[in-house]
Amino acid sequence: MPEAIERESRLRGVQRFLVDNPVVVLAGVLALLFVLTDLVNRHEVGEPFVTWNQLSTTFLVAAPLGMIAAGQTLVMLTGGVDLSVAFTATAAAFATAWQGGNGTTQGILAGLAVGLGIGLANGIGVGIFHVNPLIMTLGTSSVTFGLLSIYAGKSFEKVVPGLVATLGSDRFFDYLPANLIFWAAMAAVLILGLRYTGYGRMLYAVGDNEVAARLAGVRVWQVLVTVYALCGLFSAFGGLLLVGFTNNPDLGLATPYLLQSVAAVVIGGTSIFGGWGSYSGTIVGVLILTVLGSLLTLLNSEEWQRQVIYGGIIIVLTAIYARVSGAE
Amino acid sequence: MSATAAAPMEFRGAAPWRRALRLHGWTVAVWLVLLALVPYWRSLSEQDFKFDLSSLAIDALPLCFAAMAQAIIIISGGIDLSIGSLMAVVNVLSAREMVDMSFGKAIAFSVLLILLTMLASGFTGVVITLTRIPDIVVTLGMLFVWQGVALWIMEIPGGGVPIDYADLALGDLGTTGIPNATIAVFAALLLVWAPIRWLRPGLAIYAVGSNRNSAYLSGIGVARTRVGAYFLAGLFTGLAGLALSASSGIGDPNSGTTYTLNSVAAAVLGGVSLLGGVGGLIGVIAAAYVLTLSKIILLLRGTDPNYANVYQGALIILVVVIGGLLTRKTRS
Amino acid sequence: MNDEAVPLLEARAVAKHYGPVVALRSADLSVAPGEVHALLGANGAGKSTLVKCLTGVTRPDSGTISVAGRPARARSPMHAARLGLSPVFQDPALVPDLTVAQNLRLTRSSVDAVRSQLSAMDLQVSFHELVGDLPLPILRMLDLARALTHDPQLLILDEITAALPSDLAERVFDVMRQRRESGRSVLFITHRLAEVIATCDSATILRDGQDVGTMEPKEGGESRIVEIMLGPEAAKAEAEASELDEADVPVAAAAGEADAVLEVDDLKVGAVQSISFTLRRGEILGIAALEGQGQDELFEALAGQRKADGGELRVAGEAFRPRHPYDAIRRKVVLVPPDRLLALLPQRPVRENVAAPLYNSARRWGPINMREEGKRVRRAVDALQIDMRAAKQVRRLSGGNQQKVTIARWIASGFAALLCNDPTRGIDVGTKRQVYALLRELAEDGAAILFFSSELAEFPLVCDRVLTVYGGRVTAEVAGAAADEATLLQAMHGLQLDEAVA
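Residue numbers (our numbering), protein chains in the order written: chain E, 1 to 328; chain D, 1 to 332; chain U, 1 to 502.
Be a bit skeptical, because a hint or two may be false.
As the list claims (entries may be wrong) - Per label pair, the in silico range of CB-to-CB distance:
{"id": "1", "chain 1": "D", "residue 1": "Val33", "chain 2": "E", "residue 2": "Ile150", "range": "25 to 33 Å"}
{"id": "2", "chain 1": "U", "residue 1": "Lys307", "chain 2": "D", "residue 2": "Leu173", "range": "54 to 62 Å"}
{"id": "3", "chain 1": "D", "residue 1": "Val33", "chain 2": "U", "residue 2": "Asp327", "range": "36 to 44 Å"}
Since the hints were made in silico from the structure, they are not lab data.
The beta-carbon is built from N, C-alpha and C at its ideal position, and this holds for glycine as well.
Just need the whole structure built from these sequences, with the hints factored in.
Right under this line is the structure:
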């Protein structure tokens, strides 16, 4: 009897540890996925998948998603969601290419300004006018898409500044993608910022319990407006990396990243209800999705299967996380 | 103690006209907006009225049904982001299967499809009530799942429907000149929604959306009612998908994308409160027509069709902001 | 009681707990046919829980319930009605966005029957009204009329008169008399003892989730009811009070001269009609009131959660008009809310919970001085002896430790006036003791504390003086040492106090 109890309590301890540190589990999943992809690759192509070159490519492909998912993480920590990230990224890419002819700085600033502007609009709607985040961001997404398709139709010279192209596609020392350096720097800022700044604390507080945050004297709207603005800014970074990679902005540039950004955050263990999660989890989520993407490509899977898988992941993981943490 | 010698007491809330205004004012206003748009529309168009009316009715048909589905779910206190992609599933499935069918078979298949859609939507409702994850998350996931299913059924636009089947949506009712599409909307309203609305199941949907605790204390099965709302909304979603097939004559896996947001917009513009429990479908129908007509007017004015997205996105945000401000004022 | 007849309703050893909180320990209740029976008890004694168990809103953990000798455990309120128990709940069971007629259809009630019940009470209500448009008293009457159409064996009225003006309350009493005359029973829950004496045949009194006595109110009178409500606890509380060191016994006189920290002048907000008082440095001022007498609004208005409708507030002599909790916190007026779930970040660690107010202004959103924060948090945690073993998520802490966290955050960030709205609700005795000691210590260090509690025994242990509030007004001021339960209960029920006590 006591042994059984002890085993059970140890089991609970393990469970609690894993709930507290989903990154550990996720890293394991990622490693497994790498091995699986490697096996499939050897079988299908006859070459190993786990090579320096492939690893480098994985990070190169993952970085733009890592940026867009960063904004999504911040917003979801407050209990919201931003469905405008994909078109915000695309719009930023267009803005950069449009102003790129006038100089690198101006191009980049134009892109970031567009991202910040859309994010601010979202934040004002959600934080000040209390519009449901889904509707607000779908609305701005629709507006952005409309404007984009108008201006994309007009002919103008599209110049992707050299710096952006370098950042988006070059690799140093053969294997070190430039965008990975940028991503790593941003990731450090985010992970430390969430943990060691007052603003980070307030993001968690607002997402965990808005009433309690208010009672602690937090003006919730300030937090919400800034977090959506930041999300717009990070989406713009993602758009810049993307256009630097493709060197050619088009309307569908970032479209798949909307769903993937939400999925990456959810996989990373950030609660869709807010107040719990981390960017480190999201990073692993992004890598899992990228490797999963490679695997699905290897298996000749189609777009529809990805859609179903991503959608299923969102529902199933949310249910699991809700159940596991709700069991406390 | 005291004998009851007090005079009879009478209690009235607001004056009857005020109450009527609060209950129906928004609906009437939306219909007036629709009517007010008509002269302007006529002044721009060079086609004859009958032709224009028919194309308006056909254009608006899928949105009308989608908005009715969305409105039912919002009234019950939820929201469904997967309506558009579920419509797309119905659209591509019907276009793929019906293309060589006889009229009779196509009708039978439509009925089957509608039943399947009801089950699919009801399943979403079951997931929501069982897992207790908010509607918005589950339906966001389902949005992608159905979109994937639609792509699976048909990767690129194709297929079609029998001509006489398409005529159900495109034709007119004999000599009256009333478009079939309009008749279909009001038939669904009168035959499906009206009987439910005023009976206990419909009242239960309003009750659950208005205040779950009071509804429970009144003996309503809250989970059952919420699932029922999704189930019923599935019927309208199925109709919307079929309307898409009949009016466009083709199946397109991406056809549903705009309908999710537009259905929410039409519901809110039609007087349905996002807080649940308030509104009706009559106003929602008018709102769907207003949204469609405003797009037509933009096109007639020679505006870049892409501006339609811009205006509609902006309009939706505006409507939700104003609607939110109004309901907060009246509730506090 | 009626020994010869089979009781209409017989509840034995009914128990219910919500998580670690015991709402009902073991309650017996027996209602005879044809009697009006009162169910009495202080706040949190378990009256509402017992009613919920009887009517199928919640399922009791254990115990038996029988109606007319047959076991009858209601599964839902509707089922209870079929068993012959028709409740009128504290919260109206009417859906606000539907009309009255639609609500009746929802519950399958006959419109004509309800109308005739209403007209028997001399009331006329248009059934086309939206329920949300009708005033609360009318909703209670509608609920009552609807319950009556079932012609229930037992009509259960949960605090129905609390929201009613006296003329409508009279009509409810008439209904109760008619029920008795026609051989039906009524279970009447109220805080108003005068009503019990005027209308009830017998009364069961609950204390701490247990029935502690059944009596005939007409024989005993109010003082006897109060006596049973208090029970031996009162004696114990008195003993506890005398146990405390002489030095610990609050000295009200000294506080009278200290600086005023918070002045409240003719405050009007919600149920608060007019409340004035001065909270001074180094004193603990108690607010004693029955449920819903305006105390919640008072705390909310002072903490900036809610705008006052009228009156003036001053902090340290300067005008104070908080429009957001931030404004109050900036002036060092801080709140411990009645429900700790309102104040906690359940998924966050203790440290972040305690430190949360430090970063409430955008000016402090930058990097955190972790060492400084750690020091502050540790000081607060030590002062409250918070058990840090499960500190990673506050929701894993026990209720008592969670409550300590809500207080600790203000110790970490500093305050002048601490507003404690029921800080010991639902926590264990040991923790309660710690909280009392801490509050006294804070007061001695110069803090001004406003203290509401639903447990009357706490007032003499904690407070320098106590204001009783009834109907949104202050009815009496009692010195802390003299604030025994009998005195407070009397004043809280709006009854006159003997001059000697006041």
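Structure-based check of all given hints:
no.	hint	verdict
1	D:Val33 to E:Ile150: 25 to 33 Å	26 Å, holds
2	U:Lys307 to D:Leu173: 54 to 62 Å	58 Å, holds
3	D:Val33 to U:Asp327: 36 to 44 Å	42 Å, holds
Checked against the numbered hints given earlier, the structure satisfies every one of them.
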